[in-house]
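**Student:** So you can see what is in the structure, the chains are spelled out below.
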Amino acid sequence: MATEQMAAQSQSSGMPQLDFSTFPNQIFWLVVALVVIYLVLSRIALPRISSILAERQNTISGDVAAAEDYKAKAREAEAAYEKALADARSQAQKIVAEMQAELKKQIDAATAKADADITARAAASEAKIAEIRSNALVTVEAVAKDTAAEIVAALGGKADAAALADAVATRVKG
Amino acid sequence: MAEEHSEGLSFHPMDQFTIQPLFGDGPIHWYTPTNTTLWMAISIVGIILLLINATRARAVIPGRAQSVAELAYGFVHKMVEDVTGKEGLKYFPYIFTLFMFIVFSNFLGLIPGAFTPTSHIAVTGFLALAVFISVTLIGFAKHGTHFLGLFWVSSAPMALRPVLAIIEVISYFVRPVSHSIRLGGNMMAGHAVIKVFAAFAPLILMSGVGVLVTPLSILAIVAMYAFEVLVAFIQAYVFTILTCVYLKDALHPAH
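Protein sequence lines, in the order shown, are assigned to chains U and A.
Counting in this note's numbering, the final residue of the first sequence is number 174, and the numbers go up one at a time with none missing.
Counting in this note's numbering, the final residue of the second sequence is number 1255, and the numbers go up one at a time with none missing.
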């Protein structure tokens, strides 16, 4: 038995690759394997993988397009915002200018009125002052006359009313 | 042999390549399920797991396994398109079949105790011949006798052209040989070398020299294994890209 095995071994010793008796077997099973792999790949695996890759490509390009879209929208929105801002700014400037004009007008009117008032009051005051002054002159004359008459009486004289009045008038005027 | 046994070390680096029936011990007919059948079947299962099971979800954002499947697809698809141009994409499923079969056989063969169908010249020779014959047929079908222009180097001086034509014809017919032996030889050699190093590993149990030899051989096995991982992919890539190059010659025979 052992010698038989040894003989068999020595027969196949060297390279099993060159044992041509196994070639039909290997080639048969190789063909079977290749056909199976080819069918599996061409029927199922390759269509599936290529569809996955195509779908991913679509998804990516779709996403890129959507992103482009959003970007354009954002740009539009920004432009609209800028425009609104500029509008509001010019509106505000207009309102400010109007207000300023209005205020200026009011201030001018008030100033004019105040000026007129002041002038009128000044005139009235002057009139009053003149009146007070003239009143005061009369009062001074009367007081001076009375005082002079009293002084003359105190000195023991008898004052002539007309002469007294004349003298006082002359003095007050002087 | 008896002497070898008394020495202790036994070298059978080629035994791993023996074709054995899966069931029983009978003769190997063409239909007998053998270890090559088993490992080809495991390759098919692996391919189905990777390319079909992993892509089941059809996720737009792929998981890990789906990424690998897409990577394999994109890798070969780009290779075919880059080398052969758009017309070559018609043959992409065939080339992808070749690539997946070879790459799975090579990698699964690296599992300890596994069998590598692509280490057999019968398998690689059949693949290379299939490529050679189909490429030649495609060339004649597409271009008729113009396909022979492949051998007539019109850019060379007139006097040189017949000489070059002979060289071109010889190199054309050597293609399937180099194509198949490159793959089969690489796979066989790497596995055999690992086995040789492995045979030295038990020396520590028998002799004092083993103290030095055993760690060295284990280290060598690890290094060789890493190298074989590289080779497993590179040879699959080389086989596939050469197929693309041959196909390009058939599609655009003009030099």
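These are computed hints drawn from the structure, not numbers from a lab.
The beta carbon of each residue, even a glycine, is placed where N, CA and C say it ideally should be.
Incorrect hints may have been included.
Stated by the list, open to error - Which stretches of chain A does chain U cover? Using the computed rule of at least three CB atoms under 8 angstroms from a CB of chain U, they are:
1. 1034–1048
2. 1159–1173
3. 1216–1223
Said to hold, decoys possible - Only some residues are given here: those of chain U computed to face chain A with a beta carbon under 7 angstroms:
4. I37
5. L46
6. I52
7. A54
8. Q106
9. I107
10. V168
**Student:** Hint by hint, say whether it matches the structure.
**Tutor:** Going through the hints against the structure:
1. 1034–1048: holds (count 9)
2. 1159–1173: Since three or more residues must qualify, the claim that chain U covers the segment 1159–1173 of chain A is violated, with 0 doing so at under 8 angstroms.
3. 1216–1223: Violated - the segment 1216–1223 of chain A has 0 residues with a Cβ nearer than 8 angstroms to chain U, which falls short of three.
4. I37: Since chain A brings a Cβ to about 5 angstroms from I37 (chain U), closer than 7 angstroms, the hint holds.
5. L46: OK, holds: L46 (chain U) within 7 angstroms of chain A, min 6 angstroms.
6. I52: holds (5 angstroms)
7. A54: With Cβ-Cβ at 11 angstroms, over 7 angstroms, it is violated.
8. Q106: violated (71 angstroms)
9. I107: Violated. Min distance 72 angstroms.
10. V168: With Cβ-Cβ at 125 angstroms, over 7 angstroms, it is violated.
When each numbered hint is compared with the structure, violations occur for hints 2, 3, 7, 8, 9 and 10.
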